[in-house]
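Visitor: Protein chains in written order, with our numbering: chain A, 65 to 540; chain B, 1017 to 1506.
Hints in this document: simulated from the structure, not taken from any laboratory. Because the structure is a prediction, the values reported are computed rather than measured. Be careful, since some hints might not be right.
Said to hold, decoys possible - Straight line, CA to CA, 27 Å or less: simulated DSS-like cross-link-like pairs of lysine-lysine:
hint, chain 1, residue 1, chain 2, residue 2
1, A, 423, B, 1179
2, A, 70, A, 161
3, A, 500, A, 161
4, B, 1179, A, 356
5, A, 161, A, 423
6, A, 222, A, 161
The lines below spell out each chain.
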Amino acid sequence: MNVTGKDLVALLPLLILAATAVVVMLAVAVHRSHAVSAALTLVGLAISFGSLWIAGPQLPRQVTPLLVLDGYALFYTGLILAAGMVFVLLAYGYFEKFEDDHDELYILMLVATLGSAVLVSSSHFVSLFLGLELLSVALYGMIAYPRHRPLPLEAGIKYLVLAAVSAAFLLFGMALIYGALGTMQFDEIGARLTRTDFDRWLVLPGMALIVTGFGFKLAVVPFHLWTPDVYEGAPAPVAGYIATVSKGAMFALLLRYFYRTAAHELAPLFLLFSIIAIASMFAGNILALLQKNVKRILAYSSIAHLGYLLVAFQASGDLAPTAVAFYLVAYFVTTLGAFGVVGVLSDDTEDADSLEAYKGLFWRRPVVGGIFTAMLFSLAGIPVTAGFIGKFYVVAAGASAAMWGLVIILVITSATGLFYYLRIVVAMYSEAGQVKAAPAIAQPETWVLIFLSASLVFLGLFPQPLLELIRNLARG
Amino acid sequence: MILPCLIVVPLAAGVLAWAAERRSASAARWIALIAVLADFLLTLFLWISNSHGGFTTWYAQTDWAWIPQFGIRFHLAVDGLSLLLLMLTFFLGALSILASWREIDEAVGFFHLNLLWILAGIAGVFLAVNLFLFYFAWELMLVPMYFLIAIWGHENRVYAAVKFFIFTQLSGLLMLIAILGLFFLHHGATGVYTFEYRDLLSTPMSPKAEMWMMLGFFAAFAVKLPVVGLHTWLPDAHTEAPTAGSVILAGLLLKTGAYGMLRFVLPLFPHAAQAFSPVAMALGAAGILYGALLAFGQSDLKRLVAYTSVSHLGFVLLGIFAWNGLSLQGALVTMICHGISTGALFILAGALQDRIHTREMDRMGGIWSTAPRLSGAALFFSLASLGLPGLGDFVGEFLVLLGTYRQSIILAVLAAIGVLFATFYALRLVQRAFQGPNTHNWRIPDLAPREGLVMALMIAVLLWLGVYPRPVLDTFRPAMTRLEQLAPGR
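Could you put the whole structure together from the sequences, leaning on the hints where they help?
Guide: Below, the structure written as structure tokens:
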């Protein structure tokens, strides 16, 4: 297959990302400087983000059998790039506190972002696996980056083992499906599944293994065991990156893969997804209640949020892609913000993740405390935040498909979830009158967090522009 | 443009009050007070300027597109029912700011921010005629209330605040499911996506679906009201909240539940509500008796008053579901008068706690000899609460009893027994706390002029409603007539 000039234009965002990684690597070889590396990365991401508008008119376009660049891919690539930029700004402030070389972090992060962008554009098992490995391999390094501290190292190794196992599951599943259907292209799989002349006993286990592989990356129950440890060990901004970019790209892929192949409508798989969704909502919310560590609470809460997303995914229908896209945007903003706050409060010895560290935070540092409150309320789905509209859309998607059982479980478990969000909020607002405002510390990341909170409120009050964008692009 | 002002003014003034705290705490208080008074004057203006027109329909509206493809609009409107409750909102709001003038001395600006935002949320609930907007406001008023209890409350505040928040959130989410169910049913029947109250009124649905939707709405409003069985958050929240929080909880938040029944449950689901009304009325009567009995057994002054709320709101529930002209009028008058008399009792309990640092009635007694004005006011509002003729509460309860008698004689008798119980708890309160010998030798300052003014205003309103409730009933009449006509098969 020939690649034409137009194909290259459509690929521009991905090409720029790859080029930026090379440029940063060369720059590091010439002169090591944290500020220069971060700035180059940021500029590269921004150019790549800008090139979405150049690539836009060429869409939709199938570039080689591997990648399909359509509105859906464009939307999620944009989301991933935006999250990448926020990550760079947060990580710069966080890692600046350490005495060490930090440049490679940005190279790894660019590679991971490239992998995620490939994932959301893939229409073939090969590109799926390629994107996944690009993402995972870079993540090992990012998690274990503060290599003099034991917790990140432990987390890095845990993630390595898990990702290797999940990749094995995924590969085996792909092999079974290829064996049964003779194709690795999503659309073709969908077409051949509508005929009945395939071997169900190869396809169903294959699909189940693929769901297992996806499940590990999404950290849904029962594949979630690694999540709290990795979140706790990873540096706060990296944990935020895993929670958002890695899971978000994976979910976008899940949606594309199953909607294109329509495999989730096979009765056993539908049941499997229902069980996973219910278990994630229950386990995520209930286990979070038992935690005393803020990063672990956020880890379990992200398990629950993926459960909510699966409810919308199950609903299919008109509303589901919109609900998922909006929910993911809200979840990205919120989760990056929450881990950003943890990062801002951390120092060079350890991350500020015990509940103790948050006592009276609002009275000591009203801005940071206020931002964290907004983030937690958004996670809990309280009005005026984007999380509320997101939850509203997810419940609406479930209701439109008349999945009342799942919707009621969603509602009950998310009310349980209030307990642990409120526990952090209570801690932040305790000791009124006893704590004096701390002298303001100039932290540039705070501005990023203020921007995130502002977007959170804007999306919560005026979701219309984003919904329009989703309607035009992300309906897949 | 008046209607958005009712919401925006408190929101903006809240931020302003928070910012003003740096200069002086009393600046924050004044800003809050002026903003609420301004809103009160606006509602008063709306009332007076429309009084000759007979309040026939929605008489002021604001309608802006919000998320148009889903039929979500920023649509506000008032009729007689919501206007009366809005006036009550800003009246009690102003009084609760005055009542906490001295009580709150930590984070004064943030306190007033929360207080004003609760009022804005409540105003939003009373004004919204788009179900999405209604749910938005409904959830929104919880957050500042949660902060109010959790930060400025008494000993067990965190427990009470979290319990309050989770009860109301969970029931609110059930309502959300019902709202969405209604929304999709309407779409299925007409092909139109809309959350507009007006459009959803005539949604065709099967009796079974109607019953489930009705129960979803009922659950949310029943927790707020509260209906007996779902009331357990109430004694905790009322007792632990600071004075202003208790006043707003009892006076206004509970009324949003009753308002929801009147505005949504009956008109949207008339047949299901009709079928359900025996159960709801029985729950109302049970609440009257249960609340009164438990109030009698309390030794904590604020807890006692909290349980009387359960009892009085039982009358409201009974009146709403008895669903005839008399009982509906009675329910409305009870809502307003309960807001004032119970609010006043909470203000007095707060004033007393400020002076003697306890709410235990065992530690009181003989307060009359040292603080006669405070004790006299307490006697007045206790008498109002037990339904003394000549005061507003009597009018409301009497009308509810009359209306109930037409539907069910047994329930009317039971409710009347509840009135008898009210005499016991109200007189016991006065006797144990204020009369008798001053065994603990309390020497406390009597009501200050500021507190005296608050009490005088509340006394005046209760007397007015007790002697001449016509203007209020006239304002409510068109809305009530519409409700009455909806009652199927009567």
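Visitor: For each hint, tell me whether it holds in the structure or not.
Guide: Checked hints:
1. 423/A x 1179/B: 21 Å, holds
2. 70/A x 161/A: 45 Å, violated
3. 500/A x 161/A: Holds - the C-alpha atoms of residue 161/A and residue 500/A are around 25 Å apart, at most 27 Å.
4. 1179/B x 356/A: Given pair residue 1179/B, residue 356/A holds - Cα atoms ~20 Å apart, limit 27 Å.
5. 161/A x 423/A: Roughly 23 Å separates the two Cα atoms, so the pair holds.
6. 222/A x 161/A: Holds - the C-alpha atoms of residue 161/A and residue 222/A are around 26 Å apart, at most 27 Å.
Hint 2 alone, counting from the list given before, is not met by this structure.
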